[in-house]
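The numbers in the sequence shown follow our numbering, run straight up by one, and end at 1134.
Certain hints may be false.
Computed beta-carbon distance windows for the label pairs [stated by the list, open to error]:
#	residue 1	residue 2	range
1	Glu1080	Glu1116	26 to 34 angstroms
2	Asp1117	Lys1097	17 to 25 angstroms
3	Asp1079	Glu1100	14 to 22 angstroms
4	Leu1059	Leu1104	18 to 26 angstroms
Everything labelled a hint here was simulated from the structure, so no lab data went into it. A virtual CB, placed ideally from N, CA and C, is assigned to each residue, including glycine.
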Amino acid sequence: MLLHHLVDARKRSCTDPINLLQSLFDEYRCGLIEILVDFVDEVKTIEDFSLDQGFECEVVEREDGFSVLLKRDQNFFLEVL
């Protein structure tokens, strides 16, 4: 079963995306995290940071911005156990 967590960081409600990402990675041990953002520069920031944290990253352009899907390596669950 793949666990999912959705974070809505649109409309500039998030002033420090790196801090948000770090807290997400520390707090949620989900297999999939979806982050909604407004701008391309936010997407690039998330991509760069998340790849260093062991996530695969996929970006989907939406009508109201972007959806960045972060998927943890499948071996993550084995490492936690």
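Which numbered conditions among the earlier hints are violated in the structure presented, ordered from lowest to highest?
-> Nothing - there is no hint that the structure violates, so all of them hold.
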